[in-house]
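Trainee: For reference, the chains in residue letters:
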Amino acid sequence: MSHMANPLATPDQLFQRRSFGALPTELQDTIFFATQCLTQAAGILLELPQSLTAQANVLLARYWLVEPMLAHEFSDVSAAVLYLTTKCSGHPRSPRDLSNVYAYLLSPSSSLFRPPPTSPPPPGPIHNNPSAYYVSESAYHAFHTRLLALEARVLYALSFDTHVSLPHPLAVTYLQALDFLNVRQEIIGRRTVQYLNTALLSPQMLYLTSQPNALAVAAIYNAARDVGAKMPECEWWEVFDVDREELGFLVVGMRSVEGSGRKMREEVMKGWGSGMLTRRDVEEELGRRGISVGVGNGGGAHYDAEEEAARRMDEKMAEMEAAS
Amino acid sequence: MASKAKSRWADDEADAALEAQLKKEKEEKKRLKAEKARKLEAERQAREAAAAAAAHEEGDGAHGPPAKRRKVSTEPDTRQSAGGADASVNIPRLLRFEGGAFGRCRSVENYDKLNDIEEGAYGWVSRAKEMATGRVVALKRLKIDPKDRGGLPVTGLREIQILKDCDHRNVVKLREVVVGDDTSKIENIFLVLEFVEHDLKSILEDMPEPFLASEVKTLLQQLSSGVAYLHDNWILHRDLKTSNLLLNNRGQLKIADFGMARYVGDPPPKLTQLVVTLWYRAPELLLGATRYNAAIDMWSVGCIFGELLTREPLLQGRNEVDELTKIFELCGIPTEETWPSFRRLPNARGLRLPSNKTAMTGSVIRAKFPLLTSAGVALLNGLLSLDPDKRPTAKEMLAHEYFRQDPKPKQEVMFPTFPSKAGQERRRRRETPNAPARGQQAVEIGAVDFSGIFAGREREERGGGFSLRMV
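Each protein sequence line maps, in turn, to chains A and B. Just so we're aligned: 188 in UniProt numbering is position 188 of the first sequence, and the numbers increase by one with no gaps anywhere. Just so we're aligned: 18 in UniProt numbering is position 18 of the second sequence, and the numbers increase by one with no gaps anywhere.
Read the hints as simulated data drawn from the structure, not as lab findings. All residues carry an ideal CB built from backbone N, CA and C; glycine is no exception. Among the hints, erroneous ones may be present.
What the hints assert, rightly or not - Computed footprint of chain A on chain B, listed as stretches where at least three residues anywhere in the stretch have a Cβ under 8 Å from a Cβ of chain A: (1) 301-314; (2) 398-411.
Said to hold, decoys possible - Distance windows between CB atoms, simulated: (3) B:L95 <-> A:D226: 36 to 42 Å; (4) B:W124 <-> A:A142: 29 to 35 Å; (5) B:R250 <-> A:Q194: 49 to 55 Å; (6) A:I44 <-> B:K270: 22 to 28 Å; (7) B:Q316 <-> A:A142: 48 to 54 Å; (8) A:T10 <-> B:N249: 34 to 40 Å; (9) B:E312 <-> A:P92: 38 to 44 Å; (10) B:K270 <-> A:Y134: 54 to 60 Å; (11) B:N248 <-> A:R190: 50 to 56 Å; (12) B:R135 <-> A:T10: 22 to 28 Å; (13) B:D167 <-> A:M231: 53 to 59 Å; (14) A:S51 <-> B:P340: 52 to 58 Å; (15) B:E187 <-> A:Y134: 31 to 37 Å; (16) B:T272 <-> A:R190: 32 to 38 Å.
What the hints assert, rightly or not - List time: in silico SDA-like cross-link candidates among lysine to any residue, alpha-carbon distance up to 20 Å: (17) B:K185 <-> A:E67; (18) B:K24 <-> A:E235; (19) A:K87 <-> B:K143; (20) B:K147 <-> A:R146; (21) B:K164 <-> A:H144; (22) A:K87 <-> B:L271; (23) B:K185 <-> A:E235; (24) B:K147 <-> A:H144; (25) B:K24 <-> A:E67; (26) B:K390 <-> B:G350; (27) B:K173 <-> B:E205; (28) B:K326 <-> B:R291; (29) B:K185 <-> A:R225; (30) B:K395 <-> A:H144.
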């Protein structure tokens, strides 16, 4: 049964993060989203199978429910999780490879979190400047040391439990069982996998709140709606042990990632400079907002829960006004 | 609608909208499905339900953000009223998957060390007591080389990962992983394993009389049931041997030491041939196969079977070539008939085998174990088939006639107990060679002449001209 189930976040862990975590919610979400994107980008450059990168995404999300986000540089955490995931797999990647890939992704030459040039790029080596992501021996040594320390730290935070069951294989099995006759399998299959992969980036941490079977069903539901496939005329999700409430929640959650991601990139990260978010960016932003934050879990400024709720309500009102 | 949703509240609202929509769709489907006689009735109730739902949602709006739970409670009601007579059928019975939670490791300070047990290839093992519960456990400390720039050892991480996933009475249980008290730097990592009194190796060494036939069956049955569980879960142990099999005082056998184990798929991926302690290593591994399967574990089971009968390791080769020689002496020389594809294995190309095939291709297992029943010989012969495809799987082994014949396997509770050695410490003397270490180089068995293997033993002892090669 372990192939079907994942350890899930406890309500306590989710509450801790949302209520007394020193960071404002939208900053947490942005850091989460940006780091997950970075992990995916690194996975692609390291030529890892998506199944491994996805596992790293899930472990990263779990880690940040146990340890404070600001304790380490985000890109280091991402690299450590990827290192750890690949190490026990059939596709180990060396610290050297990781160091090179992350140096590139964080450099101005990478297009990650940088707007595509509006005008045709000027001639010359500005857009790909190898010296910008050259890793000196001392920089590599420092990165390597941080990587190893964080590897152990992540394992400690997760009790050495690196088990991740992904919904992707289940989704394929379910699709075969459902047999959408009016749509080609590749089309609906691709769409389903797209939803599952996008959900990895969701700050709602769908992979930590739902079991793989529910994620698979929700992705299939969304994909079927998108491509206009005819779904069975009954509560077919119950066949896969998903109730309607959870399905509804996940369907909306999965559909919202694209929009919220775009919003984070356009609104929250705008004006912070471009490129991957760093701890320093966040600290500066906090300074601008006049919030002082301790690194530790309980350290630094505590929020009054009520004040926090009021603040969020204000935000919500502003959002609704802007929308109408 | 959902695209600009971001906060939890927004989602709940969208959630509500979606659920209302789902509800509407469902009602419609229900209507279509309903029998004609009940159609009107169903429609009326559906309208009522929809009205109720609408009213309910209005109520929600008035009371601020809707609590998700509230809507759930109304759901079964509408379902029942709409479903009418078959309401009971409509309440879904869903399977819930429990994966537990995650969180930080506990500290090793929760345990009180009692005594050391042994030092193995991967770490130190000691006996300890959990202070809160008084339970005795085995603490296995991972060997971590601070100079190793690869970080935590893969073998240790794999062992943890695999043991965490395992739950079987014949596989040693990993209770948790704990760390040293200083959590600013994770250097001391301990596996908390269930404590098992003995290992089979030292029992075999110390017992004056061999196991009874019924006792051998009990042990083998438990071993194969544990191995069947592992193989069912896509785990290859890759280091089965008597010193890795533990036995408690209630006659239960437990497979331990998963430092070599790993998950595999089907077809198996390319794997290292440098696995399994030499004396228990299957011939295809010795011949350099990199794609192998669960049959390598079954070969080791065969070696253990022989060892249980004689109290001596069955095939004690001094090196790879000598091991192969001993295997061929016992099981016969492979031929195209007994092992069709063996010539294609990397190390088999240079083998020179005796030409007089008919005399030497048969196995001498029957002669070596005169007291074993013919079913036992058949099983042992099967397990020690040179051709991996001819070895029985663990499941097939469990169904073998050998276990059904008299004497029947002895009940575990009736199993003899063994004297504990000075409080069960220092129990293992490492006389068997260790499993190959990671990063070691595979031995290439070059052009070895096996033609004299039955004539004079001295010749091939010197004859093993092999070279090292980088993998």
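Trainee: All hints are to be evaluated individually against the structure, with a verdict given for each.
Mentor: Right, here's what the structure says about each hint:
1. Here the region 301-314 of chain B counts 0 residues with a CB under 8 Å from a CB of chain A, which misses the bar of 3, and the coverage is violated.
2. Chain A is given as covering the region 398-411 of chain B, and this is violated because 0 residues of the stretch bring a CB closer than 8 Å to a CB of that chain, at least three being needed.
3. The hinted range of 36 to 42 Å is not satisfied by L95 (chain B) and D226 (chain A), whose Cβ atoms lie roughly 28 Å apart.
4. The hinted window of 29 to 35 Å between W124 (chain B) and A142 (chain A) holds, with their beta carbons roughly 32 Å apart.
5. Taking the beta carbon of each, R250 (chain B) and Q194 (chain A) are about 53 Å apart, inside 49 to 55 Å as hinted.
6. Our hint of 22 to 28 Å for I44 (chain A) and K270 (chain B) holds, since their Cβ atoms are close to 23 Å apart.
7. Here the CB-CB span from Q316 (chain B) to A142 (chain A) is close to 50 Å, well matched to the stated 48 to 54 Å.
8. Restraint check, T10 (chain A) to N249 (chain B): a C-beta distance of roughly 38 Å satisfies the suggested window 34 to 40 Å.
9. Between E312 (chain B) and P92 (chain A) the C-beta distance comes to about 39 Å, which sits within the given range of 38 to 44 Å.
10. Checked against the hint of 54 to 60 Å, the pair K270 (chain B) and Y134 (chain A) fails, with Cβ atoms roughly 34 Å apart.
11. In this structure, N248 (chain B) and R190 (chain A) meet the distance hint of 50 to 56 Å, their C-beta atoms being roughly 52 Å apart.
12. At about 25 Å, the CB distance of R135 (chain B) to T10 (chain A) agrees with the hint of 22 to 28 Å.
13. At about 37 Å, the beta-carbon gap between D167 (chain B) and M231 (chain A) misses the expected band of 53 to 59 Å.
14. Taken as a hint, the range 52 to 58 Å is violated for the pair S51 (chain A) and P340 (chain B), whose Cβ atoms sit roughly 35 Å apart.
15. At about 32 Å, the beta-carbon gap between E187 (chain B) and Y134 (chain A) stays in the expected band of 31 to 37 Å.
16. A beta carbon spacing of about 35 Å between T272 (chain B) and R190 (chain A) agrees with the range 32 to 38 Å that was offered as a hint.
17. Between the alpha carbons of K185 (chain B) and E67 (chain A) the distance comes to roughly 15 Å, so the proposed pair stays at or under 20 Å and holds.
18. Of the pairs offered as hints, the one joining K24 (chain B) and E235 (chain A) holds, with about 13 Å between alpha carbons and a cut-off of 20 Å not exceeded.
19. Of the supplied pair hints, the one linking K87 (chain A) and K143 (chain B) holds, its CA atoms being roughly 17 Å apart against a limit of 20 Å.
20. About 15 Å separates the Cα atoms of K147 (chain B) and R146 (chain A), which keeps this hinted pair within 20 Å; it holds.
21. Pair hint K164 (chain B) plus H144 (chain A) does not hold up; C-alpha atoms about 28 Å apart against a cutoff of 20 Å.
22. Restraint check: the Cα-Cα separation between K87 (chain A) and L271 (chain B) comes to about 15 Å, which is no more than 20 Å; the hinted pair holds.
23. In summary, the hint linking K185 (chain B) to E235 (chain A) is not supported, as the alpha carbons are separated by about 51 Å, beyond the 20 Å threshold.
24. A threshold of 20 Å between alpha carbons decides the hint, and for K147 (chain B) with H144 (chain A) the separation of about 12 Å falls inside it, so the pair holds.
25. Simply put, K24 (chain B) and E67 (chain A) have alpha-carbon atoms about 43 Å apart, too far for the 20 Å limit, and the pair is violated.
26. Between K390 (chain B) and G350 (chain B), the direct Cα distance comes to roughly 24 Å. Violation of the 20 Å bound is thereby established for this hinted pair.
27. Only pairs whose Cα atoms come within 20 Å are accepted, and K173 (chain B) paired with E205 (chain B) is rejected, the gap being roughly 25 Å.
28. Between the alpha carbons of K326 (chain B) and R291 (chain B) the distance comes to roughly 23 Å, so the proposed pair goes past 20 Å and is violated.
29. Our distance criterion of 20 Å between C-alpha atoms is broken by K185 (chain B) and R225 (chain A), whose separation comes to about 50 Å.
30. Proximity of K395 (chain B) to H144 (chain A) is assessed by CA-CA distance (about 46 Å); at most 20 Å being required, the pair is judged violated.
Consistency note: the structure conflicts with the earlier hints numbered 1, 2, 3, 10, 13, 14, 21, 23, 25, 26, 27, 28, 29 and 30.
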